[in-house]
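So the sequences go chain by chain: A and B. Counting in the working numbering, the first sequence runs from 1 upward without gaps. Counting in the working numbering, the second sequence runs from 1 upward without gaps.
Honestly, the hints are just simulated from the structure, not real lab data. There could be a bad hint or two in this list.
What the hints assert, rightly or not - Okay, derived cross-link-like pairs now, DSS-like style, lysine-lysine, Cα gap no bigger than 25 Å in a straight line:
1) B/Lys59 <-> B/Lys179
2) B/Lys194 <-> A/Lys179
3) B/Lys274 <-> A/Lys194
4) B/Lys194 <-> A/Lys232
Number of protein chains: 2
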Amino acid sequence: MNEVSVLAPASVSNVVCGYDCLGFALAEPFDEMTVRKIEEPTVRIVHHDGFDLPLEPEKNVAGVALLSMIRAANLDFGFEVEMTKHIKPGSGIGSSAASACGAVVAANRILGERFSKLDLAAFAMEGEFLASGARHADNVAPCLFGGFTLVRSIEPLDIVSLEFPRLYATVIHPQIEIKTAEARAMLPKEVLLKDAVRQWGNLGAFVAALAKCDYELLGRSMTDLIVEPVRKALIPRFDELKAASISVGAIGGGISGSGPSVFMLSRSPEGASKIADAMQEVYAPTGIDFKVYSSEISTDGVTII
Amino acid sequence: MNEVSVLAPASVSNVVCGYDCLGFALAEPFDEMTVRKIEEPTVRIVHHDGFDLPLEPEKNVAGVALLSMIRAANLDFGFEVEMTKHIKPGSGIGSSAASACGAVVAANRILGERFSKLDLAAFAMEGEFLASGARHADNVAPCLFGGFTLVRSIEPLDIVSLEFPRLYATVIHPQIEIKTAEARAMLPKEVLLKDAVRQWGNLGAFVAALAKCDYELLGRSMTDLIVEPVRKALIPRFDELKAASISVGAIGGGISGSGPSVFMLSRSPEGASKIADAMQEVYAPTGIDFKVYSSEISTDGVTII
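Could you put the whole structure together from the sequences, leaning on the hints where they help?
Quick look at the structure:
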């Protein structure tokens, strides 16, 4: 097999109570990618989208992920990647993770599934490092494994697929720019032990609530004492978005990744669509361009088509 | 009903990765307690054990728990508590929680179950405050609810019963004294955000592992970057106890509460008993008196007999 096409889903990381470790995959939006074998042991990038992303492989997240894979496999050939991205870079719903994961899943199929998903996650994390200056896997994990994932450890890499009930997400993407690296720099280096304990309680309860299908506990657990209070200043009308969503039945929600996207969870497609309406009502008067997505939490990660 | 007798179990809190929020109940040891109605709206304490605990209700953990219950219910009568404690105070396996929880569960039966378990937990926490100077529920919760519990929040109090597979605990109690208040004072007030994130990952993975019956993940999750490295200095041969237990098949383990007891988890009674032997071998040459308990993790909290 010399050519493989994949769909790579958007994902929501942090999920309010799981900064840098929790994430889930969306059914949409997703990127379309085709990877094909080329003779030279290098990577060629072709973008069929208007995002003006760098084409030099060393500066492209899919490129660096594939380069690290080529090195690890010691290949004497390389890959061309054709990408049609629908997940806007900088939207906070795992655009870079989708590029990196899509590329390595497709290339791995060409290599006869030589690498495990955990190996692929490590390659994709090189792309995340390029994008954000930090090695993190909280978007890579759901993008590859689907569903809700927890990154127990980065070193060694340990990813846990969580049990979860049927859930829907509504995401609003205000078209403003937040650089992940800057959003990281805002955070304190140290936190109070007592606040850390409260976050342990919330994260543990969130995982338990997913397993028990306890939607009320899920909602109570989605609180964040550490990251949200600092970063919400970057997102116009964040508190209003949240209040409006909760008032029409959202289980809970908050900043997706480092923003600017904001997500809310709900129990049904109808619930997700009501939240979409409520979000639009909050944002329409702002004059800020925005997009709203409603989607089931996908059990699938990157899918070969 | 004017007299109720209960058994109140020992419990293990913190459980390595869940400082101040995670805990589980042991099947043994347990305290035996009888509570009876008395005419005066006060509390009388009778101890049938040799632990020399204070008998003034304001200085006794069962006493203060009952006094706060009497105030909340605005009773014009009181309670006498007869206690035969088998859980040694200061052992680090929830001796004070057992006294406080046993007393309030028995008194609540006399009151016709007027209060919810969550109410009872709040009363019992008054006892914990007396014992340790901190309002915490990580022993109270498993002692009342049984099984594995997570305290999501103290204010408002939110306790989550976790799903868990059959598990056994081996506990060694070296007969040395560690004051909970002092063990708390050793801890840093602040922790690095990156360490907090690693602990979120471990706690989330621990909860997921219990729900998925994934014993290997359970073991990997039982690591603690924040509390154990500081407190283990209080427990002679801590590292040897852990290594010896792991070498005979323990899933994982660490300090119980603030110590000095050390617990290890295993999958079978035979496993628990092998660990007991291994612990004894480590401690026998030290000259320090010790007791070892092996017990299934109990699904029951305080039991009315």
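Ascending list of hint numbers which this structure does not respect | 3
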